[in-house]
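Chemist: Here is how the chains run, residue by residue.
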Amino acid sequence: MVLKVSASFMASLPGQFVMVRMRNGDDPFLSRPFSIYSAYSRGNDTYIEILYKVVGKGTEAFSRLREGDILNILGPLGRGFDIPSTCKKIALIAGGVGIAPLSFLAERYGEDIRGMEILCYMGAGTSESLAGLDRLEDLCSGVKISTDDGSRGHHGPVTELFKQDMDLYSDDDIQLYSCGPNPMLMSLQELLKDRPFACQVSLEERMACGIGACLGCVVKIKSGETGGGLVRVCKEGPVFDIYSVEFSEYNG
Amino acid sequence: MVLKVSASFMASLPGQFVMVRMRNGDDPFLSRPFSIYSAYSRGNDTYIEILYKVVGKGTEAFSRLREGDILNILGPLGRGFDIPSTCKKIALIAGGVGIAPLSFLAERYGEDIRGMEILCYMGAGTSESLAGLDRLEDLCSGVKISTDDGSRGHHGPVTELFKQDMDLYSDDDIQLYSCGPNPMLMSLQELLKDRPFACQVSLEERMACGIGACLGCVVKIKSGETGGGLVRVCKEGPVFDIYSVEFSEYNG
Amino acid sequence: MNVKMTVDIGGLTLKNPVMTASGTFGYGEEYSDYLDLDRLGAIIVKGLSLKPREGNLPPRIVETASGMLNAVGLQNVGVRAFIDDKLPWLRSVDSVVIANIFGETIEDYANVAEILNDAEGVAAVEVNISCPNVKRGGITFGSDPAVAEEVTRAVKSVSRLPVIVKLTPNVTDITKIARRVEAAGADALSLINTITGMSVDIEKRVPHLKNVTGGLSGPAIKPVALRMVWEVVNTVSIPVIGVGGIMNARDALEFLIVGAKAVQVGTANFLNPGVTADIIDDMERYLSEKGIDDIHDLIGTLKV
Amino acid sequence: MNVKMTVDIGGLTLKNPVMTASGTFGYGEEYSDYLDLDRLGAIIVKGLSLKPREGNLPPRIVETASGMLNAVGLQNVGVRAFIDDKLPWLRSVDSVVIANIFGETIEDYANVAEILNDAEGVAAVEVNISCPNVKRGGITFGSDPAVAEEVTRAVKSVSRLPVIVKLTPNVTDITKIARRVEAAGADALSLINTITGMSVDIEKRVPHLKNVTGGLSGPAIKPVALRMVWEVVNTVSIPVIGVGGIMNARDALEFLIVGAKAVQVGTANFLNPGVTADIIDDMERYLSEKGIDDIHDLIGTLKV
Ligand SMILES: Cc1cc2nc3c(=O)[nH]c(=O)nc-3n(C[C@H](O)[C@H](O)[C@H](O)COP(=O)(O)OP(=O)(O)OC[C@H]3O[C@@H](n4cnc5c(N)ncnc54)[C@H](O)[C@@H]3O)c2cc1C
Ligand SMILES: Cc1cc2nc3c(=O)[nH]c(=O)nc-3n(C[C@H](O)[C@H](O)[C@H](O)COP(=O)(O)OP(=O)(O)OC[C@H]3O[C@@H](n4cnc5c(N)ncnc54)[C@H](O)[C@@H]3O)c2cc1C
Ligand SMILES: Cc1cc2nc3c(=O)[nH]c(=O)nc-3n(C[C@H](O)[C@H](O)[C@H](O)COP(=O)(O)O)c2cc1C
Ligand SMILES: Cc1cc2nc3c(=O)[nH]c(=O)nc-3n(C[C@H](O)[C@H](O)[C@H](O)COP(=O)(O)O)c2cc1C
Ligand code: FES
Ligand code: FES
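Protein chains in written order, with the numbering used here: chain U, 1 to 252; chain Z, 1001 to 1252; chain W, 2001 to 2304; chain G, 3001 to 3304.
So here's chain U without its partners, still in its complex pose (with noise of 0.2 Å):
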């Protein structure tokens, strides 16, 4: 969905989102997050693109948006990914829709540094989820697919396509993002306790005010420079070292 926005979100940075919501009525009632898929500017106009999935009333509510139909945007919010100078190659671990904040990054960083070498494992239910693919491609060095169901590419999760390449990155100068569920970031957080590559990933938590003030959208973060604790996505995040991300089986 491509939306266009006041001039300030050209300030967008990958891994932060905005809060949408419906112009008219209260049904669904709260805004709903997003990432921002990507933040570019036509003659005057402003835009920013979202990559969603529909799962429920509020998904499907904008899928029955019509071409000039405005929305209620409220962002850029959140903290997003750091860019460390000094690594050399990055790798985007994604699942589903998670790819979408994981693009931005690619397509910033394309812009800022030259020659960096971006890989991509993107992880799917279904070859038609596969969202985003075409723009990955140009965007990274490298797509590596795997879907559940095994229609394209690997068939099994994002995380075991990753392991089998591990051995290929060393320490130093490796940058790992990932987005997906929480399943799926659990995983790489097991798997990455063997090869403690540095590695941020974005969040989820259901959230109503998106800016820090409802205290709804926590997580659990192990106790660190930040002081952990219950932490809010929407504020402190929504990207955060995986290390320090205690997660619990996502309840609702």
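Just so you know, the hints here were simulated from the structure itself, not pulled from any lab data. Worth double-checking, as some hints may not be accurate.
What the hints assert, rightly or not - Cross-link-like lysine-lysine pairs, in silico, PhoX-like; alpha carbons within 20 Å at most:
hint: 1; chain 1: U; residue 1: 57; chain 2: G; residue 2: 3204
hint: 2; chain 1: W; residue 1: 2176; chain 2: W; residue 2: 2051
hint: 3; chain 1: Z; residue 1: 1089; chain 2: Z; residue 2: 1163
hint: 4; chain 1: G; residue 1: 3204; chain 2: W; residue 2: 2204
hint: 5; chain 1: Z; residue 1: 1220; chain 2: W; residue 2: 2210
hint: 6; chain 1: W; residue 1: 2204; chain 2: Z; residue 2: 1057
hint: 7; chain 1: U; residue 1: 88; chain 2: U; residue 2: 57
As the list claims (entries may be wrong) - With beta-carbon atoms standing in for the labels, derived distance ranges:
hint: 8; chain 1: W; residue 1: 2274; chain 2: U; residue 2: 56; range: 53 to 61 Å
hint: 9; chain 1: Z; residue 1: 1063; chain 2: U; residue 2: 60; range: 16 to 24 Å
hint: 10; chain 1: Z; residue 1: 1149; chain 2: G; residue 2: 3002; range: 38 to 46 Å
All C-beta atoms in this analysis are idealised placements derived from N, C-alpha and C, irrespective of residue type, glycine included.
Knowing the structure of chain U, use the given hints to seat chains Z, W and G with the ligands on it.
Modeler: Below, chains Z, W and G with the ligands without anything else, positioned relative to chain U:
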């Protein structure tokens, strides 16, 4: 608004109404009642029309609809106008969108009883709110207009306009039909105290179900053949004998 | 789909757990053009009193966010006219008919219940204790545990039918009332009735309802209803029927999972008179998709 | 537009009657990018306790029909960290800051209130009595008239600031509580806090909230809030602040017409962080269109 409906709507009678609800979401929550403004078939398809005025969030939501949108429609509901075979002239007295059921009545009268003289008194706030006028001019032998702001026709309430003509009619050959805001119907009732022409009115009340189940839509009817008391507008009405209605200032 | 949907409520066997809530389904006949009434688990008719009641002056209803307020004021034809004029038609329906009753005094309640003993075609009574007790200055019967118990006992002592007591949500602790009503012999509980609310016309500066306040129903109250059902199923051992804001099978299933043995659909009937049939179909579909072949294997399976 | 919007709440003068509700506005700073905080009648900060509290495990929120449930569990930095870390920034805002406080024991309440006596920039305390009383087995302070009175008395006896007591709607008769709290010396009342509710994930058969139940807020509860405000303004003579489901100026005006002297906006801030400024503007526009030049000429003018 033209609505494609099931063939059963061809049996719609003037004065009957439909309950209309947006297909998606709970806001607005209740269905809204609207008089049937016309019903016809083209080829294999049946259509009804409704004429609505934007007054609140339900009608506002309708005004945002676009061609092809789907609504939930229940109907035709209620008891329509009685069409006595004896009278030679009928006069329609309409306030605002109250014209809708009366226009449908004129349409049907025109079909059923050729040569019947149909006169129309049409009142509205301003000349712009005279929706449906063109159609009426085709259907009636004469249309007289009044507006509250004097921007067209008589400057003042439509009941005043009718009053000027009252002497032209005689008790035994005229039948009045009226629909409009309660204050207008109240002054018509007052006016008819001296000249008790037969007069049927279509009433409005807030409705939830439209089918007689919630008891939400009652109006006070003087005791008479049908018992009287608090009677359902959606089931025993919306058409009542004007002399049986105990109007009270509408309160909600 | 051969899922077993039958449930038993205090001796009453329902072909499925979907009933229509009192006051939202008239006397059944109003819906016969829009719904095959034979499909329903049970039909609960509009509240009946000893004498006919005219109810409140209009306006009686107003829409609210995801809900509505009503102040119908318990308008009804009276229990005898119900038996004479409405029940004969209802006997032709292959479903269970439950008479919702209320009174202004405890004796009223008992009298109505007694009259219904001999009414062929009435399978149970549901006692609405959410109405004001004229003797005690208008405080509702159902908000005082002792009075709730007393009403229940009075009805049980005369009725030969299963007695369902319908609880009001306008209380501090619904489990207290539930316990007392169970102790008084109720065969089942239904909850919740409407939550008292109000709405104002800011143009005219008058209440939208002539009666000033009214009862809130619809999806707005579902979270409250579900919480109270959860509290009550954890308190009593008689069957609990969940009511409040059920619009579709998903809502109904929440109540069953929490522990309600059956549900009532109220306000949703106004928006779609055929909604109960859809709920039954979708509930059956959910169960077969999940491989559950008896609805009892779903009821009360909430993991906490 | 030169409409007089100033109102006085228990000795506290507000430039207009629009406040932000506790727990929905963080410590104010969160909104500074989206709203000119100087415009607000008052800012009520997130509930403060003696010690910092971590709150409940997630998931903490879930959407409901025209509302949401939250079980944040009163997470907060603690009253001292508030004074040291949050208040200095708030002092730069030209509005009135009210500290919402709570405790697990009556002594806790009094201690927090006492600490705030010396906090420069705090103009009043709002006492949240809707939290569970650990000493009395988790029953909320606010649902027992005697305990509500006791808490109020304890806070009043130590506080040198105006004391607003915030009532819970989860009671049979809110006027009983209101009367006792007034008798204990409260300078004003605010109502309502959230209504307890629940929601279930029918796929996983677990509650949507880790805490099982949560507090319902948003437009769904507005009719209930308005009714309770109406009941309470007819009972007490201290000022009443209306809270619950206010989304726009029309909603706020309903509360004022019913008799509330001010309003609090809660959940609406989440959907539009600038909503309070819109409410103030639209309220002013309504008043001038109606030719009302002092908001007091609107307050409590409901015709019944
Ligand atoms: C920072 C952030 C970025 C996100 N980026 C994207 C994105 O780029 N594209 C995309 O499609 N989705 C994204 N999501 C998830 C998206 O917000 C939810 O899918 C959406 O809110 C669901 O709304 P719904 O009304 O369709 O579903 P609902 O009916 O609300 O729920 C349907 C299902 O989705 C789950 N769900 C609901 N809200 C969330 C949530 N906030 N996080 C995780 N699961 C949820 C529910 O548990 C339920 O199982 C993001 C979430 C966050 C927090
Ligand atoms: C039998 C019947 C036939 C009707 N036919 C038509 C028609 O052909 N064309 C048309 O434009 N309108 C008609 N109405 C009125 C129409 O139903 C209301 O205007 C509509 O429901 C308003 O919805 P809303 O959401 O836009 O306004 P709301 O926000 O619900 O209300 C706005 C204003 O309209 C008033 N209002 C709301 N509902 C009703 C109602 N049911 N009756 C009277 N006043 C109401 C309210 O008091 C308020 O002042 C009819 C009503 C009835 C009962
Ligand atoms: C218009 C209307 C009339 C009602 N009349 C009665 C009644 O006579 N007796 C009763 O016990 N409950 C009555 N109720 C309450 C409903 O049976 C039900 O408990 C309540 O509406 C909540 O369910 P819902 O949200 O599905 O509507 C009435 C509700 C409405 C909306
Ligand atoms: C996420 C959230 C947190 C809240 N925290 C508090 C709190 O700390 N103290 C308090 O008194 N009320 C708290 N409330 C209640 C609100 O202040 C308000 O009374 C309630 O939400 C009803 O108003 P609304 O419908 O406008 O949100 C909280 C509400 C929400 C939604
Ligand atoms: S969504 Fe409100 S604090 Fe994060
Ligand atoms: S609208 Fe329900 S009885 Fe008339």
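Chemist: Just pull the numbers of the violated hints for me, sorted ascending.
Modeler: Numbers 2, 4, 7, 8, 10 - these are the hints that the structure violates, sorted from lowest upward.
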